[in-house]
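One line per chain: the protein sequences are A and B, in this order. Going by my numbering, the first sequence wraps up at 377, each residue one higher than the last. Going by my numbering, the second sequence wraps up at 440, each residue one higher than the last.
Keep in mind that the hints were calculated from the coordinates and are not lab data. Among the clues, some could well be false.
[Unchecked claim] DSBU-like cross-link-like pairs, simulated, lysine-lysine; straight-line CA separation at most 30 angstroms:
| id | chain 1 | residue 1 | chain 2 | residue 2 |
| --- | --- | --- | --- | --- |
| 1 | B | K293 | B | K370 |
| 2 | B | K242 | A | K135 |
| 3 | A | K135 | A | K183 |
| 4 | B | K296 | B | K369 |
| 5 | B | K296 | A | K268 |
| 6 | A | K183 | A | K268 |
| 7 | B | K195 | B | K370 |
| 8 | B | K388 | B | K365 |
| 9 | B | K370 | B | K288 |
| 10 | B | K370 | B | K388 |
| 11 | A | K268 | B | K288 |
| 12 | A | K268 | B | K293 |
| 13 | A | K135 | B | K293 |
| 14 | A | K268 | B | K277 |
| 15 | B | K365 | A | K183 |
| 16 | B | K301 | B | K370 |
| 17 | B | K365 | B | K195 |
| 18 | B | K370 | A | K369 |
| 19 | A | K361 | B | K277 |
| 20 | A | K374 | A | K361 |
| 21 | B | K195 | A | K183 |
| 22 | A | K364 | B | K293 |
| 23 | B | K208 | A | K268 |
| 24 | B | K365 | A | K268 |
| 25 | A | K268 | A | K135 |
| 26 | B | K369 | A | K361 |
| 27 | A | K135 | B | K296 |
| 28 | B | K297 | B | K195 |
| 29 | B | K195 | B | K242 |
| 30 | B | K242 | B | K301 |
| 31 | A | K183 | B | K388 |
| 32 | A | K369 | B | K288 |
| 33 | A | K268 | B | K242 |
| 34 | A | K135 | B | K388 |
| 35 | A | K268 | B | K301 |
| 36 | B | K369 | B | K388 |
| 37 | B | K301 | A | K135 |
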Amino acid sequence: MNILITMIENILSLFKYRFFDNALLAALLASIICGIIGSYIVAKRMVFISGGITHASFGGIGIAYFMGLNPVLGAAVFSVMAAIGIEWVSTKSNIREDSAIGILWSFGMAVGIIFIFITPGYAPNLMSYLFGSILTVSSLDLWMLGGLALVLIIVFTLFYHLILFIAYDEEYARSHKAPVNLIKYLIISLVALTIVLNIRLVGIILVISFLTIPQSTANIFTQRFNYIICLSILFGIIGSFGGLLISYYFNIPSGATIIFSFVILFILAKMIKIAQVKIRINKQFN
Amino acid sequence: MPIVELKEVSAGYLDDIILKEISLVVNPLDFIGVIGPNGGGKTTLVRVILGLIKPFRGEVIWYQQTDKPLLGYLPQSNQNDRQFPITVKEVILSGLMSVKHFTGKYTKKDVQKAIEVLELMGIPQLANRNIGGLSGGQMQRVLLGRAIISDPQLLILDEPNTFVDNSFEHDLYELLKELNKKLAIIMVTHDIGTITSYVKTIACVNRNLHYHQSNIITQDQLESYNCPIQLITHGQVPHTVLGDHEHTHNHD
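Use the sequences and the hints to build the structure in full.
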């Protein structure tokens, strides 16, 4: 009992630190953003495209460093352009989409490395872009995350059915004269912005997990798009908060511990589901 | 007044002209069976009418200037992701997309209408199921429901019988016959044997289009239309097979 109280006191004492508050707020906002966009990515099977955009954005970071601009801004411009490029390529039937993604994926990384190395003087800490640093988020980062979360909530509330129907059957939507291209380019841009802001938190290597693991966990329990969004936000919050605590106690980089707890959640959910199915089968025999 | 007219339309993909200067007038309550060899341009014709591809030459003229939705469309089935997280009811409601002006919320009345359509399709119990668990025939019923929920003036079906079980195939044609009392139908099909008992006219598409003002067609006529389709012989007299075929299908 005493141990438990000490543990809770320990956890509560963390909130005395501003950086930990900020990290929690960032994790909360990231869970909302990624819950929405990630559900779309998983439903539309766009995980590979998202990986391509993530890595392409590194080119933007490199160019921004070289020109002395804000790297997040550089990454944002570069990745939105890459995203729109991939979307445009995929509508042209004579170019193979997955090959185009592969080219952009590696080209972005190459551009990033080249520009960072030819930038004279101070060389930035590449590790922080590869693995992120949620414990050092600035208030500007938080404002941007909050702004994006707001935009996503508004867009997905107002156009929920239109987005769902276009994602499900684009050609049918076109035959109804729905603004298919507008919605597709809008959402792929939002995907790019989501990725860029999350690189700051969990890094290029790990950002895809925020967009896929909570969603796949939610998908174990429900097949409905709006439920998947809500549940994956919930799983995102649980996993990232848990990951932050593990990170603090064991002094391990937070990006890795967050993804680790996502996967633990996923495995737990899968086991619960398997047990549920077994019970249901057994009931039918009794 | 016709619903839609194709005037000397040429269309295709990239630089490949598949349909060459075809003309077609679709009038209210028409039931046109579209037949022709593979690669002859049947689906291209459908896509031109749907506005999914722009013709190289010629024009597609819609005559009805009403707010009423013009088109319902049943695509060649099973092309969409069957694991996509969407329910049967939502797929049916998506047939109202053009009526809802894209931001409108779906009202209780719309949902009620969706349930009625599901009852008409004989699958009301599937309303809240995810599409992932459906059989091919059930999926086809859902997609047909989506095509008719908006009460369109013209229903276009692209090989509706491809993935359908036999029991539904008969239901499907009876349903189309019923719907045809209110709307025009264009149906692409390979199953020339069955269609003649339901369609009113036949369009033979093989890069050109020959419009046949009757639902009885002979092998000789098909050849003269440059439309090499093997007729399934059911009757005694080879040259009136389909007329005879119609008879064999009417008894049930």
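So, going through the hints one by one against the coordinates:
For the hint linking K293 of chain B to K370 of chain B, the alpha-carbon distance of about 27 angstroms falls within 30 angstroms, and the restraint holds. For the suggested pair K242 of chain B and K135 of chain A, the alpha carbons sit about 27 angstroms apart, so the restraint of at most 30 angstroms is met. For the suggested pair K135 of chain A and K183 of chain A, the alpha carbons sit about 18 angstroms apart, so the restraint of at most 30 angstroms is met. Between K296 of chain B and K369 of chain B the alpha-carbon distance is near 28 angstroms, which keeps this suggested pair within the 30 angstroms criterion.
Simply put, K296 of chain B and K268 of chain A have alpha-carbon atoms about 24 angstroms apart, close enough for the 30 angstroms limit, and the pair holds. Simply put, K183 of chain A and K268 of chain A have alpha-carbon atoms about 19 angstroms apart, close enough for the 30 angstroms limit, and the pair holds. At most 30 angstroms may separate the alpha-carbon atoms for a hinted pair to count; K195 of chain B and K370 of chain B meet this at roughly 25 angstroms. The suggested pairing of K388 of chain B with K365 of chain B holds, with an alpha-carbon distance near 10 angstroms, which does not exceed 30 angstroms.
Taken as a hint, the K370 of chain B and K288 of chain B pair is honoured in the structure, with Cα atoms around 22 angstroms apart against an allowance of 30 angstroms. The straight-line distance between the Cα atoms of K370 of chain B and K388 of chain B is roughly 14 angstroms, inside the 30 angstroms bound, and the hint therefore holds. About 12 angstroms separates the Cα atoms of K268 of chain A and K288 of chain B, which keeps this hinted pair within 30 angstroms; it holds. Between K268 of chain A and K293 of chain B the CA atoms are separated by roughly 18 angstroms; this keeps the pair inside 30 angstroms, and the hint holds.
Note on K135 of chain A and K293 of chain B: the hinted pairing holds, with a Cα-Cα distance of about 23 angstroms set against a maximum of 30 angstroms. Proposed proximity of K268 of chain A and K277 of chain B is supported: the alpha carbons are some 21 angstroms apart, at most 30 angstroms. For the hint linking K365 of chain B to K183 of chain A, the alpha-carbon distance of about 39 angstroms lies beyond 30 angstroms, and the restraint is violated. Between K301 of chain B and K370 of chain B, the direct Cα distance comes to roughly 17 angstroms. Compliance with the 30 angstroms bound is thereby established for this hinted pair.
Distance restraint check for K365 of chain B and K195 of chain B: the Cα-Cα separation of roughly 28 angstroms lies within the 30 angstroms cut-off, and the hinted pair is therefore satisfied. For a cut-off of 30 angstroms, the pair hint linking K370 of chain B to K369 of chain A is broken: about 50 angstroms separates their Cα positions. Distance hint between K361 of chain A and K277 of chain B is fulfilled; the C-alpha atoms sit about 27 angstroms from each other, no more than 30 angstroms. Between K374 of chain A and K361 of chain A the CA atoms are separated by roughly 20 angstroms; this keeps the pair inside 30 angstroms, and the hint holds.
As the CA atoms of K195 of chain B and K183 of chain A are separated by approximately 28 angstroms, the hinted pair is consistent with the 30 angstroms bound. For the hint linking K364 of chain A to K293 of chain B, the alpha-carbon distance of about 34 angstroms lies beyond 30 angstroms, and the restraint is violated. At most 30 angstroms may separate the alpha-carbon atoms for a hinted pair to count; K208 of chain B and K268 of chain A meet this at roughly 25 angstroms. Of the supplied pair hints, the one linking K365 of chain B and K268 of chain A holds, its CA atoms being roughly 28 angstroms apart against a limit of 30 angstroms.
This hinted pair checks out: K268 of chain A and K135 of chain A have alpha carbons roughly 21 angstroms apart, not beyond 30 angstroms. For the proposed pair K369 of chain B and K361 of chain A, the alpha carbon gap of about 51 angstroms is over 30 angstroms, so the pair is violated. Using a Cα cut-off of 30 angstroms, the hinted pair K135 of chain A and K296 of chain B holds, with the two alpha carbons roughly 28 angstroms apart. This hinted pair does not check out: K297 of chain B and K195 of chain B have alpha carbons roughly 39 angstroms apart, beyond 30 angstroms.
Distance restraint check for K195 of chain B and K242 of chain B: the Cα-Cα separation of roughly 13 angstroms lies within the 30 angstroms cut-off, and the hinted pair is therefore satisfied. Restraint check for K242 of chain B and K301 of chain B: not satisfied, since their Cα atoms lie roughly 33 angstroms apart, outside the 30 angstroms limit. With a CA separation close to 39 angstroms, the supplied pair K183 of chain A and K388 of chain B exceeds the 30 angstroms bound. Restraint check for K369 of chain A and K288 of chain B: the C-alpha separation of about 43 angstroms exceeds 30 angstroms, so the hint is violated.
For the proposed pair K268 of chain A and K242 of chain B, the alpha carbon gap of about 13 angstroms is at most 30 angstroms, so the pair holds. Of the supplied pair hints, the one linking K135 of chain A and K388 of chain B is violated, its CA atoms being roughly 41 angstroms apart against a limit of 30 angstroms. Note on K268 of chain A and K301 of chain B: the hinted pairing holds, with a Cα-Cα distance of about 22 angstroms set against a maximum of 30 angstroms. A C-alpha spacing of about 12 angstroms is found between K369 of chain B and K388 of chain B, which places the hinted pair at or below 30 angstroms, so the restraint holds.
With a C-alpha separation of about 28 angstroms, the suggested pair K301 of chain B and K135 of chain A falls inside the 30 angstroms cut-off, and the hint holds.
In the structure shown, a violation is registered for the earlier hints numbered 15, 18, 22, 26, 28, 30, 31, 32 and 34, in ascending order.
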